[in-house]
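*Asks:* Sequence:
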Amino acid sequence: MTCIDMVLEKDPDNIKILEQRLICLHNLGIWDEVEACINRIIFLLKTSEIRGIETVEMLSRHGKYEEAKKVLSSLTKEEQNQEGGKYYRGFLH
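One point on numbering: in my numbering, the residue at position 18 of the sequence shown is 21, and numbering is uninterrupted.
A few of these clues could be false.
What follows is a set of in silico ranges between Cβ atoms, one per label pair, in the way DEER data are often shown [stated by the list, open to error]:
| no. | residue 1 | residue 2 | range |
| --- | --- | --- | --- |
| 1 | Glu38 | Glu69 | 14 to 24 Å |
| 2 | Trp34 | Thr79 | 33 to 43 Å |
| 3 | Thr79 | Asn30 | 36 to 46 Å |
Simulated from the structure, these hints should not be mistaken for lab results. Idealized CB from N, CA, C, for every residue including glycine.
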């Protein structure tokens with residue numbers, strides 16, 4: 004059992020750790036688990052209370068551009084102007 008698996012056993016909804024696992028699975032070429040991991044991350048992003056540019060960044064990083072646009076447009080102007088917000092507004096619109 005890897006350290007990542009041990010952390011996920013205690014906290015299966017830890018998005019940051021899931022992203023680390025995703026990187027490992029991708030590097031190992033375990034594609035069916037990569038897809039399952041991406042789907043879990045996207046589900047957690049949609050249902051979590053994490054908002055703001057971090058959510059937009061994570062969705063974009065996983066190729067979910069339409070969903071990232073929706074999140075970005077739902078943010079307040081103040082949230083959109085956070086670090087990275089101007090980049091994503093230009094990139095996604």
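*Asks:* Going through the earlier hints one by one, which of them does the structure break, listed in rising order?
*Replies:* none
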